[in-house]
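*Asks:* Residues per chain, in single letters:
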Amino acid sequence: MSRVTCRDAMGRAIRRALLEDDRVFLMGEDVGRYGGCFGVSKGLYDEFGPERIRDTPLSESAFVGAGIGAAIAGMRPIVEIMTCNFSLLALDQILNNAATLRHMSGGQIGVPLVIRMTTGGGRQLAAQHSHSLEGWYAHIPGLTVLTPATVEDFAGMLGPALADPDPVLIFEHGGLYNVDAELPDEDPAVDINKAAVRRAGQDISLLTYGGSLPKCMAAADELAASGIEAEVIDLRVLRPLDDEAIVTTVSRTHRAVVVDEGWRSGGIGAEISARIMEQAFWELDAPVARVATAEVPLPYPKHLEDAALPSVPAIVGAAKELLGRG
Amino acid sequence: MRDRVELLRDMVLVRQFEERCARLYQEAKIRGFVHLYVGEEAVAAAVMGVLQPRDRAVATYRDHGHALLKGVSPEAVMAEMYGRVDGCSGGRGGSMHLFDVAHGLYGGHGIVGGGLPIAVGLALADKLQARDRVTVCFFGEGAVAEGEFHECLNLAALWSLPVVFCCENNLYAMGTALERSEADTDLSVRAATYGLAAWSVDGMDVDAVTHTAQRAVEMARGGAPCFVECRTYRFRAHSMYDPELYRDRAEVERWRERDPIDLHRTRLEASGDLEPGAFDAMRAGVDAAIDRAVAFAESSGLEPLDQLTRHVYAAGPEAGR
Ligand SMILES: Cc1ncc(C[n+]2csc(CCOP(=O)(O)OP(=O)(O)O)c2C)c(N)n1
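Chains H and X are the protein sequences, given in the same order.
Using the working numbering, the letters of the first sequence correspond one by one to residues 1 to 326.
Using the working numbering, the letters of the second sequence correspond one by one to residues 327 to 647.
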């Protein structure tokens, strides 16, 4: 047992994967000598060398596509894209190749590739460096989309992702890297098919993932102080969504707020809300509420960025309103 | 066309402005990503120095020098660094996204390579409208690895557009040295394969850059796009924090001996173009201008929260809902 940050938990998971399977290699911009732009892969270059910790030029489309090709040919690449903002340069490879090749080839080709990237805003990085695109990627059949929010999940999601015969995208919220917790020395066995209940409650469900989980936990504390027991569901996997967990919690609390950092229109919150309506409509005592990012490219000034992003007061407010205590 | 003493002052303005920004960052007055241009000032000084006010510039996130020397006031740039309403982008963009269309500055782009297609489009419009304007697009050597670089050089050459591609080769893209990202590191030779004129020049020497920039801008004005590689160096970290493990201190020190400001100052003093003592007076004048810019930024207001969704559509906040 030791205290580990989300950053180091992911680094440790990459190291274990490299030790266990010689088909695994890490590739991306500044992952090697620099140690990763967020320091996730620090030390790995010295231990594993430039072949397996492979620095790439600024060529997102080419190295993501090369990861796809290498995966098809039997390797198990972990491709790091510095941030999801730059994944847009590789969107063609991810959507038109990684997600479709199995189907187009009539099942002859699989792409056992893991793509990791940072996501999210909140650090005053302005409109081009603050996107939350995991909901977009969750739109695409053929992909699995993971959103770790705890140290345990940062440590434990990579193993099963690498074991998956199809492409898996891991979105790591930049605001979580410094979050730490006690972690056992052996790899935690985590299930990447299931959502998790992070706090039990019977009055209302807060459904969230990734960087919004700490906000929902704080909101649940505040609600508890007003005598409202919120259940916090960490979705963990945005594709495929764990419908059973969503229906179970809504059936218990009869009220739901979906919290996510994407823009509201067409976001993952809309999908979750629709599924609740389709599968648990008669369980609801109130319409499903959404707390999402305002429909604006994220502005640089702190007061405007804070106002645009989901916040603890906004989550508390939405919950109280559903309970008629707004 | 700026004279050689003005070019020295231009470089000093950028240097002092950014050193102040670094301090303001430590004081948490400025936030987000801030990329300093310290060491590279000769490039923007020389290239902007040969442009006409009507000409256009497209820059990267490392854009303070380009904005200041394209004519944006230190007040408007500093207020933008602060995220205040009087900033050149209304406070919305911050350090990485300086815009001022009145002065021909079209960003401030945060995605590596993202500015090149826009520059091609600006030049295309000018050609279609028979306007006598040149667009200069600045980018780091890291961008040469992106597909957009290659697509854009081809388009510009194919369509004979009035654009100059100015590559600021500071040898490192974050922690990646040029020779670890390009199989052939001779960038002007590679650019020339797209069918445009291409030169490499000493980017620490403002006279040398001026000489080449003049030719390039003249040719572009005549419809022949050009590529100029300026060999330069950034003296500081990639962004505000960076452990700089990818290069050794001795290398940085070697390059600092060729500080573009010192080089030019020494030359001007030797030739008698700059009186002894004039440099200190010049720097004091620049510092006073920066003090005024900081005071202006401090006194500029924050945009009200009810304006959050402004500037998303021309029609206003209600559009697109
Ligand atoms: C498409 C894209 N990939 C990665 C990044 C992250 N990033 C920002 S600056 C930078 C280095 C760019 O180096 P270079 O083009 O040489 O310009 P310099 O910063 O040296 O001026 C990187 C990798 C980005 N902004 N955009």
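Be a bit skeptical, because a hint or two may be false.
[Stated by the list, open to error] Straight-line alpha carbon distances no greater than 20 angstroms define the calculated SDA-like cross-link-like pairs of lysine to any residue that follow: (1) Lys302/H x Gly416/X; (2) Lys42/H x Gln352/X; (3) Lys302/H x Gln352/X.
Calculated from the structure, these hints are not laboratory results.
Nothing here was measured: the structure is a model prediction, and the numbers come from that model.
*Asks:* Compare the structure with each hint and give your call.
*Replies:* Hint-by-hint comparison with the structure:
Only pairs whose Cα atoms come within 20 angstroms are accepted, and Lys302/H paired with Gly416/X is accepted, the gap being roughly 14 angstroms. Distance hint between Lys42/H and Gln352/X is unfulfilled; the C-alpha atoms sit about 26 angstroms from each other, more than 20 angstroms. Between Lys302/H and Gln352/X the alpha-carbon distance is near 16 angstroms, which keeps this suggested pair within the 20 angstroms criterion.
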